[in-house]
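As given, the protein sequences belong to chains A and B, one line each in that order.
Counted the way the working numbering counts, the first sequence spans residues 152 to 679.
Counted the way the working numbering counts, the second sequence spans residues -2 to 386.
Hints listed in this document are in silico derivations from the structure and should not be mistaken for laboratory results.
Each residue gets a CB set at the ideal place from its N, CA and C atoms; glycine is no exception.
Incorrect hints may have been included.
Straight-line distance between alpha carbons at most 25 Å, and here's what the computed DSS-like set of lysine-lysine pairs gives [to be verified]:
hint : chain 1 : residue 1 : chain 2 : residue 2
1    : B       : K69       : A       : K495
2    : A       : K347      : A       : K646
3    : A       : K646      : B       : K69
Covered by chain B, according to a simulated footprint, are these stretches of chain A (three or more residues, beta-carbon under 8 Å) [to be verified]:
hint : stretch
4    : 413 to 422
5    : 459 to 465
6    : 493 to 502
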Amino acid sequence: MSTATAAHHHDDHPTGIMRWLTTTNHKDIGTMYLTFSLIMFLVGGSMILAVRAELFQPGLQLMQPEFFNQLIGVHALVMIFAALMPAATGFANWMLPLQLGAPDMALPRLNNWGFWLLPPAAILLTAPFILALFGIGDGAIATGWTFYTPLSVQGGIGVDFAIFAVHLLGISSVMGSINVLVTIFNMRAPGMTLMKMPLFAWGWMITAFLLIATIPVLAGAVTMLLTDRHFGTHFFDAAGGGDPILFQHLFWFFGHPEVYILLLPVWGLIPHILSAFSRKPTYGYKAQIYSFWAIGILSVVVWAHHFFTVGLPIPALLYFMYSTMAISLPLAVLFFCWIATMWKGSMTFETPMLFATGWIILFGIGGLTGLILADVAADAQYHHSYFVVAHFHYTLFAGGIMGIMAGVYYWLPKMTGHMYSETLGKLHFWLTAIAFNVTFIPQFFLGLAGMPRRIPDYALQFSEFNMISTIGAFTLGLSQLIMVYNIVRCVRGGKKAEAKVWEGAEGLEWTLPSPPPYHSFTEQPVIK
Amino acid sequence: MAFQFLKKAGMGLMLAVWSLAAHAEYAWNFPKPVTPMAADTLLVHNKFMVIIMVIFVVVLGIMIYSIIRHRKSVGHKAADFTGPSTRSQVIWTLVPFAILLYIDFILMGIPAYHSVVLMEDTKNDSEMVIKVTGSQWRWQYEYMDGEAQGIKFVSNMTTPQEQIQNKTEKGEHYLLEVDNHVVLPVDKKVRILLTSNDVIHTWWVPAFGAARDAIPGFLRETWVKIEEPGTYRGQCKELCGKGHGFMPVVVDAVPEEQFKEWVASKKTEMSAASAGADKEWSKDELLTQGKAVYEKNCAVCHQPGGQGMPPAFPALTGSKIVTAPNFDADGKLMKDSHIDRVFNGKGMMPAWKGTLSDTDIAAVISYERNALGNSMGDLVQPSQIKALR
């Protein structure tokens, strides 16, 4: 989509498919990441709509339990690894060089490789569905996204496919993270000290550190699972001296930081939007950076709160409870700073600001319910019930995906050089915000009433809430097509966007024309 | 605009609440607690919900005020502060922080501590012990001590497939009904040991406020002291495969007297069954009994007609294992024979020796060899199974 404006021999590049296969340009790769993410968002969304359709009424209507279990697990893996993470990486690719005043990412070939590992991984994740149609294997991974042993040891070829998919996705993420870190530490414009760096770069920096620290643990855990499955090891088999709970420790040592891996880039980008549309500088810049660090560090020492019900000793329960509660302190600092950035501003509510505002409110619900989930004894009730499902969709759909959407609307004019339709954008926001709540508020009540998650059929007292939730989910799903249409329209044409698209926007990316030239900054800007 | 949204959302919510309140079964909170643990959990939960709702409403209120007053369209000029500048401002930014610290570690932290201690206090003053074993996809119960010691049974869901497949009207306790209820005396502290035969399960009855994982190869424990007689229903809540949604827990809490009667009748029933294992069974008896056992325990995977669901669940009709002899020329049980597979399990196939009685195993093997399209002609007698133990 970005075409070279100046004729220069560096700007020569292949056209057509070869351009995309061979490109090392940060904007091309960023575009591919974002497109891939959008496609997988729709794929993962379709899977869960099938699930919600099955749950519309009690009884089995559309599918058998085996297939149901496959859909919920692959939905989560797709949404986390193939929709949310690539979207954040897409933004990092597009925006870090622009925000830091660099010509490109530091490691362009690594960048290309990092992206092209994703489509094979997505195919590995979903191929077992198709293979099963031809009688090969019994479908995709049916253990939920958490691979819990011994269920995953028992599972079919879908588990092996998912293990290799996770390996590829992990390698891709680590490479992307190394690229981000090398870019941040070496390619900043003269005068841009770390403490003058945009918050988006800061959020991504912590994400990159977390990825490099935890992905190898996940890779190790799933490899141990693979050898347990096929090579007779007993890491997770009590009969052979192993322990099935060991897997949960290893998995969540990755899995909890993963939550912040998904959220930190969003926490980085939202302040830019709040500041731009409040026409007011970011409040508490340093406090936000320190909070990022605090949350990043805390995130690797609270993992066991994901499995309080396995039976841990009291000291461990208390430690994990109080350390989890401690996360609310730096998180509260962030909320304070976000709202203080809006306070006494001169606000307007274009689509990015609507998403950012709605994001604060809904992510707030996710954060607050997280605080009560930390209570070990009450968690025995919440755990693995629909209460938890609602909680983590408030953090990951509202807190993650809606934040990414805010970023999409904020930067889309910069990326494409065209304005998107503000009317459609606003419509998309209101439908998303309302439908999201219609989907997930009932799930809080379902959980309290005693409906376990991951069941294909349920007792009659859960009928009404499930029906409401399904109606919400379909509205939510269909509303996303408005965004897809709006993006496609914006890529193809529309009102020309100026260099500084938003009146109050600050940062180096707004000093370049929209769309920016093929090599972003050929001369480094100087920051005073 | 956000304000309008909230107004709309609020009205929508009120409408929803109103229309839903019309349903008698509606639940907005945990079910009525019947154990000290559940009562504590409900209390703590309500308190914490109020705390987080207050935080939410206060913060949202501040945001909405700002959204209404500090907007360009009402002519508000942007300030340019980036942090607290005066001493009083610094104090004001620290106040919410201090409040949160107090909420986290005092207001919530202290009751949460006591709840944890209460929850983990499984041994003190416990008056009886039962063992719960999860397996795909049924619960087994064993009474470990006292007068009920030795009572042991399997609890299978009884909701018929026709209801699940929407062919007949769903019953009142759809998916939450089992053949053998666990019977526990009221007002007695029962220590519950948990383990599993295959994958991780979680034994959960919402009205008890206790949920604990059943982990293969390990013992975990929890406790209940049911304070009100009644029938309480729950479910497995750890994904455990395709039958995860179909392994309910049903507990009958009864007064001491009634519990004693139940123990006596269960004991008589068990000694009759054990006597049955010693007699010679006729083909008809074995096949009738076998059919019942098969449909309850085996048909979910191998299918009622024996065609299985390959590749995960092999067909029994014409199966190599089913159509091979069980004993070699010396009368020794052969490895990977039909009896060996049912008795000891392998891979996905559970070992049934701990779950089914001698009679049931003999009957179901005889049934599989002489029905479902197979006609081996030979019978397995309960005494042959008993000899293997």
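Checked hints:
| no. | hint | in the structure |
| --- | --- | --- |
| 1 | B:K69 with A:K495 | holds, 10 Å |
| 2 | A:K347 with A:K646 | violated, 33 Å |
| 3 | A:K646 with B:K69 | holds, 24 Å |
| 4 | 413 to 422 | violated (count 0) |
| 5 | 459 to 465 | holds (count 4) |
| 6 | 493 to 502 | holds (count 8) |
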